[in-house]
Amino acid sequence: MIKEYLDLLMVDYTLQIITLGTAVLGAVCGMLGSFAVLRKQSLLGDAISHASLPGIAIVFLVLGVKNNNGLLLGALLSGLIAAIFIKGIISKTHLKSDTALGIVLSTFFGFGMLLLTYIQKLPNANQSGLEKYLFGQAATLLASDVWLMSTIATIALLVVLLFWKEFKMVLFDADYTKTLGFNVKFIDTLITSFIVIAIVMGLQTVGVVLMSAMLLAPAAAARQWTNSLAKMVLLAGLFGAVSGVLGTAVSASANNLSTGPVIVLIATLFVVFSFVFSPIRGLLFKQIKLWKNRNDLKLMKTLSFMYDIVKTHENISHPHKIQMLNNFQGYTRKSLKRLQAEDLILLNKSNWSLTEKGFLVAKNLYSQEL
Amino acid sequence: MTSAQLEIQIILSLVAIACALPGVFLVLRKMALISDAISHSILPGIVIGFFMTQDLASPMLILMATLTGVLTVVLVEYIQKTGLVKEDTAIGLVFPSLFSVGVILIARNAGDVHLDVDAVLLGEVAFAPFDRWVYNGTDMGPKSLWMIGTILSVTICLLVLFYKELKVATFDAGLAASLGFTPIGIHYGLMTISSVTTVGAFDAIGAVLVVAFMIVPAACVYLLTTNLKKLLLGASLVGVFASVTGYWLAHAIDASIAGTIATVLGLIFFLVYLFAPGKGYFSQWYKIKQQKTEVAMLVFMLHIANHEEEKERNINHLQEHINWSQQRAKKVVKLAMQNNMIEIENEIISLTAKGLEFTTKAVSYISDNKNSELEGIKQKFFLFRG
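Taken in sequence, the protein lines are chains D and F. The working numbering puts the first residue of the first sequence at 617, with every later residue one more than the last. The working numbering puts the first residue of the second sequence at 20, with every later residue one more than the last.
Calculated from the structure, these hints are not laboratory results. Check each hint, because a few of them may be wrong.
Here are the simulated SDA-like cross-link-like pairs (lysine to any residue), alpha carbons at most 20 angstroms apart as the crow flies [said to hold, decoys possible]:
1. F:Lys298 / D:Ser707
2. F:Lys298 / F:Ile287
3. D:Lys712 / F:Leu290
4. F:Lys248 / D:His710
Quantities reported herein were computed from a predicted structural model and do not represent experimental measurements.
Here chain F stands alone, though its shape is the one from the complex (with noise of 0.2 angstroms):
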């Protein structure tokens, strides 16, 4: 591993938790798609910036692109409030209008420019440890570590100092405003440190991967866990894995950095997303296979207490009356019976005292519409789940 090679992880690292921090919150506000917005329309500022200075590692780029991103946010926000359309239109209408201004503006001059659409879009992080910061004759390191380093501690001084007020509004505006935080302040507060970290990583990852970053880790993590510490560590570590996974797949395959981590990304989410315990798809599916079972379960024991005479209750007369195929009504009578709910005689099913009760209260609790209940009595009662 050479030197150059370190750098650059180290870059990929530290944009990873920059971006997974503010990213955690995006995602629990339900504005994630703010940071797709922000990351497209920062392009007209740097353009702008580039324009009055002709240097593209000028301070005046990132002041000016990280205006752009907070006037998306403005944007936004005003379009929202005059109801004329729904918020993801609004964010649908705004940031396309201010691309094409960049796009627009980079085509008309683009004879002498060095800047391109795709350098900024897709962003080239391989070239970053040959553009240094050069202080008095020493050499300081890549500039992009630098500018990323301050971004990522202005973030967490930022983050500690506030995490209190953000959690708050974050979870409960109301309560945050009652209490006197300014909600409006935090949510600005946060959309400033998004434009500013999307600036900070384009040059880096390009901005539509900045999206990636920022979603990603924080979507897996909060699919494991619902603790806020845990899901901004949470996020930064798998930000930081595929950071170090993907650019050495990427080394090893040799295609673009940013698109292998963003790969890596949507594997890890894919993964997570599948297998995630009791959040996950197969979790989900087995969860809902299982209630279908116990509700089925149920069905058949109140239609057992509500038929006296024994033929209702000859178990060969069961298929016909509920209209079950041989296999369901096999696995239905195998969990009742695994339950101690019911007894078979001769043929003839009958409820023990036990599923009786059960019976019983149960009912009592769907017909007061209480769902979360009929969980604590299942708890009690099954020996076996479905």
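This is chain D alone, in the form it adopts within the complex (with noise of 0.2 angstroms):
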């Protein structure tokens, strides 16, 4: 089946266009996505993305043609405007940033679907194609669009490289910056920009509703593997483009099946694979460090029980039965070989006996100095 595909690959147009265009999608909105995952604005992305819907019907009414490009303008022109009455409301009224959010997402998209139904019904309109903003539909890509969003990705690409140094002090502290003399606004404005970017460019694609996911996802799989920023970046990239070309290869490969939200299935895998998996954050990794630690204090239990028989008797090496454990339940065979294994005890047939070490381990286990 791989086969099939990368044989329809070869020969397909509209595919390679397709693929190419997910694929620089994904590594941009990875990218761009990192920074509004760190600076904890995940749901700007989705709040915009809806907020994006009455400038592309304005510009459809005015200019009366489909024009791509126009288009993306006019939901661009909305997105930043959403952007600042959010940053409006939560500056100048005592409402919260997820209620601003709300307030904009819903009644900008409210707004767009009224004229969006208003265009419906004119009866010259052509609009068939406008419905495509709101679920995506990656299949009319052209190769214009994927050279716009190539010029769109390198031009981000570049101010993200300019700033870099700006961008990364912004992110982890603003404050500082501001002392330092560097205008927090205008990264702040720059940052924001280029994530309303990102989301108007894969509008097309993967749709109003799914869009914050694109942001999203690759980046919140590429935070549980590494704390550098540049890293980050670079493997949200990454990811973003796999989950494209992946989402498009299944999408292809079989029917009934859109692009938009196989592409976000697949960055949502990568997520959870992250937090299963990651070496450092992951949860696999925390939970067997938990029992490991619960292992080892069981152990230390049993050495703690052993010296407080122990301490009774002049001579620490003095050998007792094993059955002597037995109104105390935490031990088993294997702790014990284990306790012997760190020379802590010496066992002989049924017997046990404290070494020189396990009595001094045990006599400190409290002692906060060891």
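Join the two chains, each given in its own frame, into one complex according to the hints.
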């Protein structure tokens, strides 16, 4: 099946374009999404993508044609206005960011719906195609779209490289950046603008509703593998691109699978995998560490029980019967073996005795100095 | 007005109230976006329920959708608890993936299903009066009226029963826990109600606009009052008002009813945001401007108090010394004069006794870092504000 797909990819020009388009989109979204995630603006993408709808509708209403770039420009403008509104609500009132996002998201989207239904009922309107912005249609990507995407991606990359130091500082310590004399407001606006641009770029491919996941998922996955911003941005770009390519492949090789949702699901799989298997932060690793700590604790409990018995005798290495431990349930044959392996006790048939080292360790078990 | 139109307006108003009540608590608990997440992720629940029963009106749909709604909340909270990502990221990860599952399920079985994503997301209340509930041959009214009516009654009953608990748990979860209420129980109760309401409302106004109905009325009223009872009542009123206005507006321009209502809600919020007394944009802008002038006046008076020699206190020297524009300097001097803080003799400015007292007090409070006290002093000394 994979071979079939690859053969198809070799000959099918449209498929090549779409694959390239989703790859570029995934990469850009992943990279810029890293900033959104770290700035705790994860849901800004969701709000802005919904809020771009009225812009698209207004441009269509004014121009009366489905000029793709024009529509995207409309989306961009309305997305930026939405971002300004969100900022205004948060800074000027006591409403919190979640409420601000919810208000802008739902009312802008509602206004967009109003305009779309209005357009639909116009007598001469050829409105089919506007709905693709709601749920996205990767199949409508043209070579020129991919060119546009690549150009924007390159510009975004250059800007990120150019302002790398500033972006990084604003991300992690905005107040400090301000005291150093950087124009935080400008940098802030720059980051937000690029996030808006990335969202608008993706509207045609994955649609309004799922766009936020394209932004978040690769970044959230990448975050689990590294603590370095540079590595995270690169990794998120990679995850995004791979999700795009795989998603296109899966949806192309099966009937009736829209590309957008498949890409989102694959990106989500990346997230789940990273959550579970990441070596530093992963849930699996954490669980293993928890078990290990618990076992160590049990071992020490056994040792301290032994110590309580031993300290009543003059000779610390006097052997005792293992049965003596019976009324204390914290030991197993395996744990005794481990204690012996660590040189803390000596086992001799059915007897055990503390070693010098074991006695010392047990004695100082509760002292913080060791 | 035909009976169908009346029925639509009643349905819309009930939906508005049913959404506004849980919405107030969502806004207060800073969980407004959970409603967005729930409204998207009920899609797979509705689809699965539909596949099980092949009937769009079956209660199975509501049950499954409510379950996926609660599942969303549980998943978001689980991810949050792992500490791997922030809360908002958790929301942003969960609902698109559940929504994608729904879209794919529909697409895979598209041929024989009369269910499309548009219908779930956007809704169409205009058809609601035609889907009637006929019991024993008698017409009992539209089905969605009964459904949303039931949901609203349950919501109101629960609200009345658990009002005190909700209030305490919302404003002070720690206190609620120590008093023996379970904040977690109340939390999940609220989440379940929100899910049920979203499900009940989706076929009337669509899933996305449920968010508008939940959050916007609450946010509007929250800018006007901080009294919980007034909030609940006010949010319901705003919701009903927007529904009825939006309905007739949509009727006039022949556009989506839900979209128009959301737009009206947006406009109401915008007006409140601009003009709300005390908390609105203009009010804040005015307050900041006022405080700027007053601080400037204080600085000016400190300057006068600190300089004994007459040359420093000459009105013509001030401009170059404090480095203010002429207009600003005039404004500040005028304010100080109005409040009897300074007097001008032969172009020499000196503090009056009152001015001196005010300056000393203000300085001692500023160095104590008690900003709220400063406002009190201003109240006591000022005849005119900046």
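20 angstroms limit on alpha-carbon distance, applied to hinted pair Lys712 (chain D) and Leu290 (chain F):
holds, 18 angstroms
Checking one constraint from the list: CA of Lys248 (chain F) to CA of His710 (chain D), max 20 angstroms. Satisfied?
holds, 19 angstroms
What's the verdict on Lys298 (chain F) and Ser707 (chain D), does the C-alpha distance respect the 20 angstroms limit or exceed it?
Satisfied, since the Cα-Cα distance of roughly 11 angstroms is no more than 20 angstroms.
Regarding the pair Lys298 (chain F) and Ile287 (chain F), is the alpha-carbon distance no greater than 20 angstroms?
Satisfied, since the Cα-Cα distance of roughly 15 angstroms is no more than 20 angstroms.
The structure fails none of the hints (numbered hints given earlier).
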